[in-house]
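Residue numbers (UniProt numbering), protein chains in the order written: chain A, 1 to 736; chain B, 1 to 736.
Calculated from the structure, these hints are not laboratory results. Keep in mind that a hint or two might mislead.
Because identical chains cannot be distinguished in the list, a pair is counted as satisfied if it fits within a single copy or across any two copies.
[Unchecked claim] Derived pair list, reagent style DSS-like, types lysine-lysine, alpha-carbon separation capped at 25 Å: (1) 105 - 563; (2) 695 - 716; (3) 103 - 563; (4) 563 - 695.
Model, not experiment: these values are computed from the prediction.
Protein chains: 2
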Amino acid sequence: MDNTGYCGESFNSLQSGTSDEDMVEIAGATLDISSTDDVPPLDRDYGSGGSYGVGDVPNGVPKLMDLLDEPVPGVGTYEDFNTIDWVREKSKDRDRHREIATKSKESTLALMKSISDAFSGWLLMLLVGLMAGALAGGIDISAHWMTDLKEGVCLNGFWFNHEHCCWNSNETTFQERDKCPNWKSWAELIVGTNDGPFAYIMNYLMYVCWALLFSFLAVSLVRAFAPYACGSGIPEIKTILSGFIIRGYLGKWTLMIKTITLVLAVSSGLSLGKEGPLVHVACCCGNILCHLFTKYRRNEAKRREVLSAAAAVGVSVAFGAPIGGVLFSLEEVSYYFPLKTLWRSFFAALVAAFTLRSINPFGNSRLVLFYVEFHSPWHLLELIPFVLLGIFGGIWGAFFIRANIAWCRRRKTTRLGMIRNLVFTLAIFCTVVSCGFLQVPSGLFIPSMAVGAIAGRLLGVGMEQLAYYHHDWVIFRGWCSPGADCITPGLYAMVGATACLGGVTRMTVSLVVIMFELTGGLEYIVPLMAATMTSKWVADALGREGIYEAHIRLNGYPFLESKEEFSHKTLAMDVMRPRRSDPPLSVITQDGMSVEEVESLIAETSYSGFPVVVSPESQRLVGFVQRRDLVISIENARQRQEGVVSASRIFFTEYTPPQPPNSPPPLKLRGIMDLSPFTVTDHTAMDIVVDIFRKLGLRQCLVTHNGRLLGIITKKDILKHMAQMANRDPDSILFN
Amino acid sequence: MDNTGYCGESFNSLQSGTSDEDMVEIAGATLDISSTDDVPPLDRDYGSGGSYGVGDVPNGVPKLMDLLDEPVPGVGTYEDFNTIDWVREKSKDRDRHREIATKSKESTLALMKSISDAFSGWLLMLLVGLMAGALAGGIDISAHWMTDLKEGVCLNGFWFNHEHCCWNSNETTFQERDKCPNWKSWAELIVGTNDGPFAYIMNYLMYVCWALLFSFLAVSLVRAFAPYACGSGIPEIKTILSGFIIRGYLGKWTLMIKTITLVLAVSSGLSLGKEGPLVHVACCCGNILCHLFTKYRRNEAKRREVLSAAAAVGVSVAFGAPIGGVLFSLEEVSYYFPLKTLWRSFFAALVAAFTLRSINPFGNSRLVLFYVEFHSPWHLLELIPFVLLGIFGGIWGAFFIRANIAWCRRRKTTRLGMIRNLVFTLAIFCTVVSCGFLQVPSGLFIPSMAVGAIAGRLLGVGMEQLAYYHHDWVIFRGWCSPGADCITPGLYAMVGATACLGGVTRMTVSLVVIMFELTGGLEYIVPLMAATMTSKWVADALGREGIYEAHIRLNGYPFLESKEEFSHKTLAMDVMRPRRSDPPLSVITQDGMSVEEVESLIAETSYSGFPVVVSPESQRLVGFVQRRDLVISIENARQRQEGVVSASRIFFTEYTPPQPPNSPPPLKLRGIMDLSPFTVTDHTAMDIVVDIFRKLGLRQCLVTHNGRLLGIITKKDILKHMAQMANRDPDSILFN
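Start from the sequences, fold in the hints, and give me the full structure.
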């Protein structure tokens with residue numbers, strides 16, 4: 001499996017911020033939930049060892065309190081390759097916010113702190129926009145220079161690209177500008193001339209050598225330093241945004257290597273495109289900058305808000321399309337996207353676009369290389385070829401996804417490294433050679449858009465010829481006068497590219513808006529929409545999944561797709577564990593178990609959490625405790641709490657009954673228990689359960705029947721069930 | 001209260017589709033939920049009267065079955081001024097979809113039906129777009145004609161407006177075109193001349209008379225035929241989209257009267273604006289067209305998807321901004337907005353915009369009257385005045401909302417009709433007079449934008465003068481050469497209008513995108529964004545609510561705002577009913593109550609539903625039954641089921657135990673019980689509960705403690721609690 005092979009990362013980004021200090025807050029949050037305003041939480045949650053009834057006020061708060069005041073490091077955090085609990089994270093953030101708001105009334109300093117906290121989100125957005133915009137500008141400039149380096153070198157200084165080299169040249173006409181004396185092609189530099197077949201071959205060889213060198217460097221860097229930097233990264237970002245944890249995936253090493261290799265790959269002429277990777281780069285920026293602000297460093301849910309905005313920033317700088325970027329983030333990658341995030345994403349996307357514009361990498365005050373200027377009108381009848389392009393795009397998209405997935409599956413199963421590398425080199429070579437001849441621009445979710453653009457242009461040129469020679473045909477009558485340019489092949493190319501990209505990614509509104517922002521005119525929205533819609537329908541009919549979803553499934557990530565409806569008629573009781581043949585549900589009783597018993601339960605099972613019940617007979621649910629929290633707490637208590645031994649009893653109750661003399665001191669763990677676990681009845685339809693999981697971002701849900709605990713459903717159970725219903729292998733879901 | 005005064009509607013639109021036929025599906029859905037695939041639902045849910053144990057298979061399905069097969073009309077529907085249950089509606093739709101999908105494999109006809117069902121959503125969107133676009137075009141043309149009618153009449157035919165009248169005139173120069181001989185001003189027509197003070201006064205008086213006539217007609221029509229047609233309607237549409245039912249609010253009468261009065265109001269010169277009302281008109285179109293498709297007619301949740309799209313259509317035709325319209329619907333009015341709706345809204349908005357364009361009401365192939373053509377650049381330093389405009393807009397917005405709400409509250413409490421009418425007439429007069437002088441174009445969320453535009457233009461002209469006379473000042477140096485036009489006052493007017501509109505409505509992204517689509521250039525996004533952001537911050541600091549939210553609160557609608565965070569530290573047990581001093585929770589036992597007992601429970605309480613428990617002692621929850629369903633079912637059984645009398649026992653259990661001889665036949669009501677009621681524990685933090693209500697669209701939620709039923713929280717309880725926490729009157733929430 002490829003994922004476990006992901007290593008070599010020294011930067012465990014996603015959770016490195018959870019230090020000891022952090023835990024005060026987390027434990028505090030858990031305590032807060034279990035208390036009302038008028039009663040101090042500790043009095044209610046942790047009674048003393050003294051003897052008093054339910055209604056009594058604890059009169060002695062013994063030394064046990066000290067330990068409980070001090071939070072246990074690690075409680076409330078997540079392990080790598082696990083899913084976060086959105087409800088808990090959001091609740092934690094609201095508690096933090098509430099605390100700051102309450103304190104702000106006490107002093108001016110606290111008020112200032114509260115205001116700075118409120119604006120920290122905007123400041124962070126500004127920084128993300130600036131950093132991503134600057135990086136995108138740097139990438140463009142470097143790639144430009146290195147692309148020119150394949151052809152020649154500037155005598156004024158090797159760091160000038162072709163254009164800058166000839167900036168001050170005396171040749172004033174535009175055509176001659178390229179041929180300034182200071183810019184030497186490799187043939188000129190080495191053999192002294194640029195003419196003749198030998199010089200041509202020389203130049204071509206140098207071109208191929210540089211390209212191979214760049215490709216080799218790019219591949220080696222990724223392999224050696226940051227395996228996470230390979231690919232576009234969008235499937236993983238989608239999964240992370242849905243609540244999964246992949247440490248280091250958005251870390252500083254990934255950012256550094258990705259940026260360098262992106263420049264190398266683009267300038268080598270590889271058909272890789274920089275649009276997808278720029279989203280990854282922007283998300284790395286967002287994640288790294290989160291570390292500057294406590295609010296975002298310590299909360300997985302808040303951090304994902306920033307990452308959603310960063311994804312918008314990535315598209316904004318890749319295409320110069322801030323609105324399209326925001327819609328892309330909303331439609332394609334984000335999971336939890338509140339309206340506040342929409343507004344902030346838009347701000348960050350604009351900042352990034354204008355940062356990039358002021359760097360002006362293309363020297364024409366446009367944000368993108370491929371700005372389209374034509375504004376010629378189109379005729380309603382042209383919708384027929386546009387729809388045809390849509391059909392082509394849909395078929396091509398479905399085919400591309402299948403081929404791509406089949407190839408990746410092969411790569412995952414085949415372990416013959418040498419052969420892979422050889423194949424790989426050949427592929428590079430073919431691409432480079434063809435790029436050298438065809439001069440296909442790199443980028444643009446290549447090859448999807450390139451293929452579509454070629455098909456579109458072919459059709460457009462065909463139509464143009466038809467209209468030129470047969471303008472008397474019925475279909476051309478009335479709008480195509482003889483000799484006039486009534487067909488714009490460029491528009492066909494654009495529509496074709498949109499259709500193919502749509503077929504591959506299944507983007508809809510965002511794709512149309514991105515293309516609209518690229519072309520800068522509302523005129524072509526209808527053709528684009530017709531093609532996108534047809535392409536999506538055709539592609540969906542041939543295979544439900546877009547390329548990102550297909551990759552997510554291939555990698556076995558626990559991603560609960562929000563677009564697909566759960567269409568089966570099963571009930572919660574059909575999906576929950578334990579199944580009929582399984583041993584009964586592993587539960588913890590709130591006051592009856594010793595440390596030893598709980599430890600053996602943990603050792604015997606691998607569940608990530610346990611329901612706490614009143615008694616095994618009644619099966620009445622009290623709460624839910626996470627395995628990780630339980631392990632950490634017991635270990636901590638054994639080490640630091642005097643007298644806690646295997647025979648100590650564990651209490652999850654509000655008040656601890658008096659212990660018999662000579663018995664070891666009890667261990668009180670109500671603080672780590674979730675007092676508000678989600679429950680559904682066994683008769684709840686699974687479509688409703690799936691809806692709840694999606695909308696609330698749950699990790700697990702308990703199942704009851706007539707008020708009695710019956711079983712548990714986790715996100716993984718649901719995904720396995722869905723895989724099974726779709727005749728796929730349920731074991732393809734790898735993570736929790 | 002104004003709402004109860006809303007009457008005179010003969011079209012009970014929102015639910016007129018729930019006929020007898022409908023109920024087959026609804027009851028079927030309820031049955032389906034309680035069954036798995038392998039067991040026929042009726043076998044499991046409705047046992048016979050025979051004697052068998054829990055594990056036995058029912059061997060006799062007696063005549064009772066006939067009754068149960070036949071669904072009870074009205075079960076599963078809602079009363080007026082009540083909230084729908086989103087989960088139930090969505091589940092119903094999924095059941096319907098599943099049934100069609102299953103059937104589609106059986107025959108070609110069923111397959112065709114399934115395909116037509118899948119495309120019916122798109123067809124509906126197309127129809128909504130066409131209808132709303134055509135209506136908007138019609139409104140524009142009529143208003144244009146009637147506005148000209150205030151000034152004069154065409155001799156060729158009174159139905160020509162000024163421009164069309166002079167279309168074929170011989171005067172070719174643009175300036176002279178207005179003065180064609182066939183167009184006569186009222187003074188020319190009556191006294192034969194257009195010169196001199198008498199003619200001027202004559203013309204002015206006719207202008208005022210027409211304006212008063214139009215206004216009077218508009219007000220009378222609304223009052224007489226469709227009180228729902230008054231106002232912009234956006235607060236009500238927001239509430240309806242959140243799941244509330246106001247019958248007739250989006251009916252054909254409202255549409256008809258609203259369209260006519262909109263034309264009258266716009267052409268009278270009243271500062272009413274047609275943008276808000278166009279959203280209402282489009283939503284009426286959407287709602288009426290829903291009746292063509294079973295899928296949308298019979299499902300409240302599906303219908304609301306269409307209404308969300310229709311709101312986008314309204315903005316699209318009002319501003320010629322399809323993308324802005326979709327974002328407006330997403331950001332401002334919609335509640336449940338899945339990605340599928342995003343794409344369909346965009347389609348409908350585009351269709352509407354292009355329908356309007358082909359009608360071409362303004363004769364310039366632009367969609368809107370106020371297209372801005374200037375593309376002059378702006379300087380970074382100009383952000384300072386733009387931010388100042390934002391501050392002004394925020395203050396003005398907050399002030400406007402307060403004044404508006406105070407005025408509306410006064411109107412609601414004052415009942416002196418005569419005085420109100422007299423006030424009203426004066427107001428009309430003042431507006432008309434001022435409009436006559438100032439020539440402020442009607443529309444544009446007037447007066448917000450007009451005020452902002454005036455303020456902006458004033459500031460802009462001031463800056464222009466400053467730059468002209470003091471171009472040597474430091475701030476102008478470098479970008480403002482002597483004599484050059486370096487300041488565009490029109491841009492200031494636009495920024496000012498945006499700021500004021502933002503202050504009033506608190507729109508963000510959608511506002512910027514609408515303005516961007518209006519002006520057709522990315523150049524001004526940054527100024528617009530700066531002003532919008534400042535305006536929102538300032539306005540939020542002065543008062544949390546936008547104008548729509550304020551009106552919703554004023555009317556006491558049960559609207560759970562999704563933008564505002566619930567920031568209090570209360571638990572579910574603090575909000576649930578019964579309170580400590582209240583009598584215990586009214587529950588129904590699953591097998592222990594007679595018809596009489598249940599009827600007296602219904603008579604004694606006014607709750608909209610009752611939890612069903614195993615026994616009053618255990619308080620273990622089985623399900624939840626709606627009051628309305630219970631009343632209808634018992635009534636129906638008493639009338640149609642032989643032998644059901646007051647002493648009959650009601651069973652909610654799966655199997656009915658054998659009844660003693662001579663006892664009346666039992667009444668089996670498991671079919672109307674919701675077997676999957678939502679529950680939370682009493683320790684759940686209220687912020688989580690509010691989140692659940694918002695995201696899942698619940699009506700009520702049950703509260704348990706250690707597996708035992710403790711109480712209930714309804715949407716109204718939450719809203720009352722929130723009102724209380726904000727020191728508002730909890731009784732201001734009027735509806736369930």
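Comparing the hints with the structure gives:
1. 105 - 563: Close across copies (24 Å), not inside one copy (44 Å); limit 25 Å.
2. 695 - 716: both (16 Å within a copy, 22 Å between copies)
3. 103 - 563: between (42 Å within a copy, 23 Å between copies)
4. 563 - 695: both (12 Å within a copy, 16 Å between copies)
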